[in-house]
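Q: For reference, the chains in residue letters:
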Amino acid sequence: MPTVLILGAGSDMAVAIARKYASAGYSIQLAARNPAQLHALERDLKIRHQVTATSHAFDALHFDSHPSFYQSLPVQPDVVISVFGYLGDQEKGQSDWQEASRILHTNYTGAVSILNVAAEAMAARNSGTIIGISSVAGDRGRMSNYLYGSAKAGFTAYLSGLRNRLFHAGVHVMTVQPGFVDTQMTQHLTLPPLLTAKPAEVANDIFKAAGKKKNVLYTKWFWRYIMLIITSVPEFMFKKLKL
Amino acid sequence: MRKQLSNWGNYPALDCEEAAFSVEEQLQQYVDTHEHIIARGNGRCYGDASLSEHSISTLRYDKVLAFDEAEGVFECQSGITLDQVLDITVPKGWFLPVTPGTKFITIGGAVASDVHGKNHHAEGSFSNHIISMRVLTGKGLLTCSPSQETDLFWATCGGMGLTGVISTVKFRLKKIETAYIKQKQIKAKNLDEIIRLFDEHKHYTYSMAWIDCLQKGDSFGRSILIVGEHAKPYELNEKQRAAPLKLPMKGKLTVPFNLPGFVLNNFTVKTFNALYYAKNYKRVIENVVPYEPFFYPLDAIHHWNRGYGKDGFVQYQFVLPLAQKDGLTAILRRIGEKGWGSFLAVLKVFGHQDDLISFPMEGYTLALDFPVRKGLFAFLDELDALVLEYGGRLYLSKDARMQQEVFWNSYPNARKFESIVQAYNPGGKFRSVQSDRLHFDYGSNS
Numbered sequence: 001m002p003t004v005l006i007l008g009a010g011s012d013m014a015v016a017i018a019r020k021y022a023s024a025g026y027s028i029q030l031a032a033r034n035p036a037q038l039h040a041l042e043r044d045l046k047i048r049h050q051v052t053a054t055s056h057a058f059d060a061l062h063f064d065s066h067p068s069f070y071q072s073l074p075v076q077p078d079v080v081i082s083v084f085g086y087l088g089d090q091e092k093g094q095s096d097w098q099e100a101s102r103i104l105h106t107n108y109t110g111a112v113s114i115l116n117v118a119a120e121a122m123a124a125r126n127s128g129t130i131i132g133i134s135s136v137a138g139d140r141g142r143m144s145n146y147l148y149g150s151a152k153a154g155f156t157a158y159l160s161g162l163r164n165r166l167f168h169a170g171v172h173v174m175t176v177q178p179g180f181v182d183t184q185m186t187q188h189l190t191l192p193p194l195l196t197a198k199p200a201e202v203a204n205d206i207f208k209a210a211g212k213k214k215n216v217l218y219t220k221w222f223w224r225y226i227m228l229i230i231t232s233v234p235e236f237m238f239k240k241l242k243l
Numbered sequence: 001m002r003k004q005l006s007n008w009g010n011y012p013a014l015d016c017e018e019a020a021f022s023v024e025e026q027l028q029q030y031v032d033t034h035e036h037i038i039a040r041g042n043g044r045c046y047g048d049a050s051l052s053e054h055s056i057s058t059l060r061y062d063k064v065l066a067f068d069e070a071e072g073v074f075e076c077q078s079g080i081t082l083d084q085v086l087d088i089t090v091p092k093g094w095f096l097p098v099t100p101g102t103k104f105i106t107i108g109g110a111v112a113s114d115v116h117g118k119n120h121h122a123e124g125s126f127s128n129h130i131i132s133m134r135v136l137t138g139k140g141l142l143t144c145s146p147s148q149e150t151d152l153f154w155a156t157c158g159g160m161g162l163t164g165v166i167s168t169v170k171f172r173l174k175k176i177e178t179a180y181i182k183q184k185q186i187k188a189k190n191l192d193e194i195i196r197l198f199d200e201h202k203h204y205t206y207s208m209a210w211i212d213c214l215q216k217g218d219s220f221g222r223s224i225l226i227v228g229e230h231a232k233p234y235e236l237n238e239k240q241r242a243a244p245l246k247l248p249m250k251g252k253l254t255v256p257f258n259l260p261g262f263v264l265n266n267f268t269v270k271t272f273n274a275l276y277y278a279k280n281y282k283r284v285i286e287n288v289v290p291y292e293p294f295f296y297p298l299d300a301i302h303h304w305n306r307g308y309g310k311d312g313f314v315q316y317q318f319v320l321p322l323a324q325k326d327g328l329t330a331i332l333r334r335i336g337e338k339g340w341g342s343f344l345a346v347l348k349v350f351g352h353q354d355d356l357i358s359f360p361m362e363g364y365t366l367a368l369d370f371p372v373r374k375g376l377f378a379f380l381d382e383l384d385a386l387v388l389e390y391g392g393r394l395y396l397s398k399d400a401r402m403q404q405e406v407f408w409n410s411y412p413n414a415r416k417f418e419s420i421v422q423a424y425n426p427g428g429k430f431r432s433v434q435s436d437r438l439h440f441d442y443g444s445n446s
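Chains A and B, in that order, are what the protein sequence lines are. Going left to right, the first sequence walks through residues 1 to 243 as UniProt numbering numbers them. Going left to right, the second sequence walks through residues 1 to 446 as UniProt numbering numbers them.
Honestly, the hints are just simulated from the structure, not real lab data. Glycine included, every Cβ here is placed at the ideal spot set by N, Cα and C. A portion of the hints provided could be inaccurate.
What the hints assert, rightly or not - No more than 25 Å apart at the CA atoms, straight line, and that leaves these computed lysine to any residue pairs for SDA-like:
id: 1; chain 1: B; residue 1: LYS175; chain 2: B; residue 2: HIS352
id: 2; chain 1: A; residue 1: LYS46; chain 2: B; residue 2: LYS184
id: 3; chain 1: A; residue 1: LYS46; chain 2: B; residue 2: VAL23
id: 4; chain 1: A; residue 1: LYS220; chain 2: B; residue 2: GLU18
id: 5; chain 1: A; residue 1: LYS198; chain 2: B; residue 2: GLU25
id: 6; chain 1: A; residue 1: LYS220; chain 2: B; residue 2: LYS416
id: 7; chain 1: A; residue 1: LYS198; chain 2: B; residue 2: GLY72
Said to hold, decoys possible - Derived Cβ-Cβ restraints for the label pairs, each shown as a range:
id: 8; chain 1: A; residue 1: ARG125; chain 2: B; residue 2: GLU17; range: 47 to 53 Å
id: 9; chain 1: B; residue 1: PRO146; chain 2: A; residue 2: GLU120; range: 56 to 62 Å
id: 10; chain 1: A; residue 1: LYS214; chain 2: B; residue 2: TYR276; range: 29 to 35 Å
id: 11; chain 1: A; residue 1: SER23; chain 2: B; residue 2: LEU275; range: 38 to 44 Å
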């Protein structure tokens, strides 16, 4: 059975993705900063789905450790999904470089660092799939979260370039653009229920779209059109809005 | 996130701060930094028992930690729902030891309400099958069982979350050979007959009855008794026998929004009851059915609670001691005269149980819905007085409105329970709108 590596496996979205892939029989590699917190999920996947599951220590901000982390995995994964992210505190980040750099490095630099490693390994054997969870926040900067948004914009551009390059090596790259998702990351926000997806819905969409080798997935689907509208507002008007 | 929360009865609806956790450390941190907390599972209790200023959702704390397929022992985090447990265990030949009429409750909720099912007279309530559990109390994370920290154990079973947040639960499952139930339905013309039928069929593992509360005269208390056993492989038809433990297909009906209140008026209720009774045109029907329609007939209609309109409803469930058949008659008569009852009235005979604060006791239990309307609570207070008079009590998981005296006068161990709550939850860090309404004294935190 193929193996999927889930980076940032502690989040609600990651749990849903792990369960989705496990239900299809995939072996699961869970990676997060504190692997002790993954053991319950690891047991859960084994019992519910009779699959192999392992937990690994991974810190997105420890760039230097990324190559050895990837090399030391018990099996080279067939699918790598980068789920980790850090929404952070926009207002704090405006004046506090610690916060700003954590937002930028988690969402952009850290993701690039680990996916560079995965990309080289997959390109060398001409197979594999890389899935990056970016965000619709990267489609246009807004005053309420442009630090997060700009990092995700960079990540989206990285994924599109990586897709272009790895296509020629037989490796597929999918960009996932979730809109609002009901997770702990957004627990403090009041989200409109009709526009908000459950983590399990996002996981289903990702699994299905990856099977069809989609390039860019908006989830829920209507976010493609919402973002189309938001990105087509002329800048001279957009800057006057308080979004 | 701040939001309007209500449980299954859609009454009351309150503005609460809702948080969630997926690992124990997050729960611990939340509990350390907040007051007035109550755990909330899937929101299937009917009233205000899981509402508080800070409702902490257990739904993301839903991992299976161990499943011993040889011994039938299951251990999980408290936020997993029964339907998920069944999906995992039934294909391996194990069933829940006790299940209420919906599979959309969490294991934590099953413990906190100490739920009962159609097999109460034979196999007791959920607490009867717990091996051990871990509870995050006001004094830290503690392990308890029928032989360890027994005060905490019995005050947590049926304790409505007042000892703390239930973290993990280890319990025994029940061996099955098929995913089917061999059931028998028997029509009873009146209350005397149904009570006699219960007695005649008490050797069946599962039994309950639908009762029509609106009939008068000779048909007063006409009912359908439903009894059943887990089917043996030889009782299945050829197609079923090919995969005896295969899960039945899932239903998908839903009530998409709150129906206007008049949809369930007296006329429709009467018509429904008449049709329901008439569909069993033979006096006795026997057949083999998948476990889902047998245990969870209403789960097939998602959000059936919206059928009662936006004002919501309360479910009234009481139990009377076995000797008080007259009391049952008196209360049923009162409900019938008023004519405000629902198309759903469930009658069951409980077996013996005498735990600290659990609802069941040997006797008759009746549950029915009342859409919220003007004058309803005064009427229910009248019923409460009757229940008290005949030595009965009300189910806290269904309650949204009982007066404090009713609770303190009907649960014989209520004050003892309160003193244990004070020991494990000093100062009332864990409390609900319900426990405040009943005027619990949480003691002081010093």
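Q: Each hint needs a verdict: does it hold in this structure or not?
A: Hints versus structure:
1. Note on LYS175/B and HIS352/B: the hinted pairing holds, with a Cα-Cα distance of about 23 Å set against a maximum of 25 Å.
2. A hinted pair counts as satisfied when its Cα atoms are at most 25 Å apart, and LYS46/A with LYS184/B does not qualify at roughly 39 Å.
3. Distance restraint check for LYS46/A and VAL23/B: the Cα-Cα separation of roughly 18 Å lies within the 25 Å cut-off, and the hinted pair is therefore satisfied.
4. Taking the CA atoms of LYS220/A and GLU18/B, the gap is about 24 Å. The hint holds against a cut of 25 Å.
5. In summary, the hint linking LYS198/A to GLU25/B is supported, as the alpha carbons are separated by about 23 Å, within the 25 Å threshold.
6. A hinted pair counts as satisfied when its Cα atoms are at most 25 Å apart, and LYS220/A with LYS416/B does not qualify at roughly 52 Å.
7. Under the criterion of a C-alpha separation no larger than 25 Å, the hint pairing LYS198/A with GLY72/B is inconsistent with the structure, at around 32 Å.
8. At about 50 Å, the beta-carbon gap between ARG125/A and GLU17/B stays in the expected band of 47 to 53 Å.
9. In this structure the hint that PRO146/B and GLU120/A lie 56 to 62 Å apart at CB holds, the actual value being about 57 Å.
10. Range check, LYS214/A to TYR276/B: Cβ separation about 49 Å, and the 29 to 35 Å hint is violated.
11. The hinted range of 38 to 44 Å is satisfied by SER23/A and LEU275/B, whose Cβ atoms lie roughly 40 Å apart.
Going down the numbered hints, you'll see the structure goes against 2, 6, 7, 10, while the others check out.
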